[in-house]
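Residue numbers (our numbering), protein chains in the order written: chain A, 1 to 212; chain B, 1 to 223.
It is worth saying that the hints were derived from the structure and are not from the lab.
Some clues are possibly wrong.
[What the hints assert, rightly or not] Calculated pairs, DSS-like style, for lysine-lysine (alpha carbon to alpha carbon, straight line, at most 25 Å):
1. Lys129/B <-> Lys97/A
2. Lys75/A <-> Lys49/B
3. Lys10/B <-> Lys137/A
4. Lys75/A <-> Lys129/B
5. Lys67/A <-> Lys10/B
6. Lys151/A <-> Lys219/B
7. Lys6/A <-> Lys10/B
8. Lys68/A <-> Lys219/B
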Amino acid sequence: MMLEVKNLTCTRGDRELFSDLSFKLENSQLMRLEGTNGSGKTTLLRTLCGLFLADEGEILWDGVEIKKQDEAFRKELLYLGHQNAIKSDLTAYENLKLNCLMSGINVSQEQLMDALDTIGLFAFEDFPVRTLSQGQKRRVALAKLLLSKAKLWILDEPFVALDAAAVEQLQSIIAKHVESGGGVILTTHQEVPLTSGELVRISLNKEKTSHV
Amino acid sequence: MFSAFLLILKRDLLLAMRRRSEIFTVLFFFIVVISLFPLGISTEDQLLKQIAPGVVWVAALLASTLALDRLFSDDYEDGTLEQMTLTPVSLPIVVLAKMIAHWLLTGLPLVLISPLVGLFYHLPFESIKVMMLVLLLGTPVLSMLGAIAAALTLGLRGGGVLVSLLVLPLYIPVLVYGAGAISTSMVEGLSIQPYVLLLSAFMLLAIIFSPWATAAAIKISIE
């Protein structure tokens, strides 16, 4: 078992977003978080990363609370938020390289170029990101998924701004990660077809968990 | 851990090189403020010598607050800061690297340009040397104390002004001892050693404590 959430309660200001939420994410599982706008999807994802502190409840990684393992947990985690976390003054190549190095992934120039080509940025590697389109910027951020060795991916609306081809490609990247034993938690309005592994849905609307 | 430190340092310097205008803004602000005083007060050299230490330090304080706003705000807005808190590297190390990069870009140029100020204000050669020394010791403290305030005001509206209000009172000890050292150097027979030692102590304290305080502030701001 990888990630376990016990009786999680989060409030933002005076508003309670969800309470007493419990679930488990096992290896080779894809968890799709559902909920209306404002139901706390992003807050839940950020809480799972340790960016937001829950009011009550525990988040365990391999049986140990994430607060207590800190660096060991962060090594296994890849979080992609609404923002791309790329610098507009740097090129796509530089951005990907820095993102990887900061996460402690040692990559060769070849691997970086391959990843950028695969994600559909061939011939755009050396342009400052500021000159790229929204979708291309998103792709720069997503290229990290191809190089990451993290077990747990937490993706917040990863399909936003992508065109049909890129959506399909990202779906296959996610499916491959699940297939190889990783876990993914994501929020999206897109279906993600899996070739293997298990799909779990969690809805924040009625605070009810259901397996599909 | 050291390689991560160097990585962040290099990254921040690279980013600054792509936007050189921002470095020069701080430097020119410093020069302009300093050259306004002789125009507004008097060009009499005795008076200028007397006000020089205070003017240099006040200009340095204002110039360094000017640059603080950008220390974390760019990374905060595009989500990079959030990612940095999620890397296996511990956050105080990241913060220390960013502070030092900030000092290299905004503090060090002030130190290097300060002999020019000495010429404006008819300072003796000995005092110019002292001025460079105390600026070298004092400006890192400005960057580090400023970083705490910059981290606390991340994401707030009007954060820039708030940073100045938070941080300028904290700069007072540096101002007092920094300016004191330069004044003392112009008096025959007095030693500047106590001032230099105190400023060194401030710098060491800031190096040790400010990265932790800033890291804690960033975690709060990001939430």
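>> Checking one constraint from the list: CA of Lys6/A to CA of Lys10/B, max 25 Å. Satisfied?
In response: Violated - the C-alpha atoms of Lys10/B and Lys6/A are around 41 Å apart, more than 25 Å.
> Does the alpha-carbon distance linking Lys67/A and Lys10/B stay inside the 25 Å limit?
Replying inline: 30 Å, violated
> Can the restraint linking Lys129/B and Lys97/A be considered satisfied, given a maximum Cα separation of 25 Å?
Replying inline: Between Lys129/B and Lys97/A the Cα gap is close to 42 Å, so the pair fails against 25 Å, i.e. violated.
> Between Lys151/A and Lys219/B, does the CA-CA distance stay at or below 25 Å?
Replying inline: Holds, because 24 Å separates the two Cα atoms, which is no more than 25 Å.
>> Can you confirm whether the C-alpha distance between Lys75/A and Lys129/B stays at or below 25 Å?
In response: This hinted pair is violated, its Cα atoms lying about 48 Å apart.
> Between Lys10/B and Lys137/A, is the straight-line Cα distance small enough, at 25 Å or below?
Replying inline: 23 Å, holds
>> Holds or violated: Lys68/A and Lys219/B, Cα atoms, limit 25 Å.
In response: 16 Å, holds
> Can the restraint linking Lys75/A and Lys49/B be considered satisfied, given a maximum Cα separation of 25 Å?
Replying inline: 57 Å, violated
Violation of the numbered hints given earlier is confined to hints 1, 2, 4, 5, 7; the remaining hints are satisfied by the structure.
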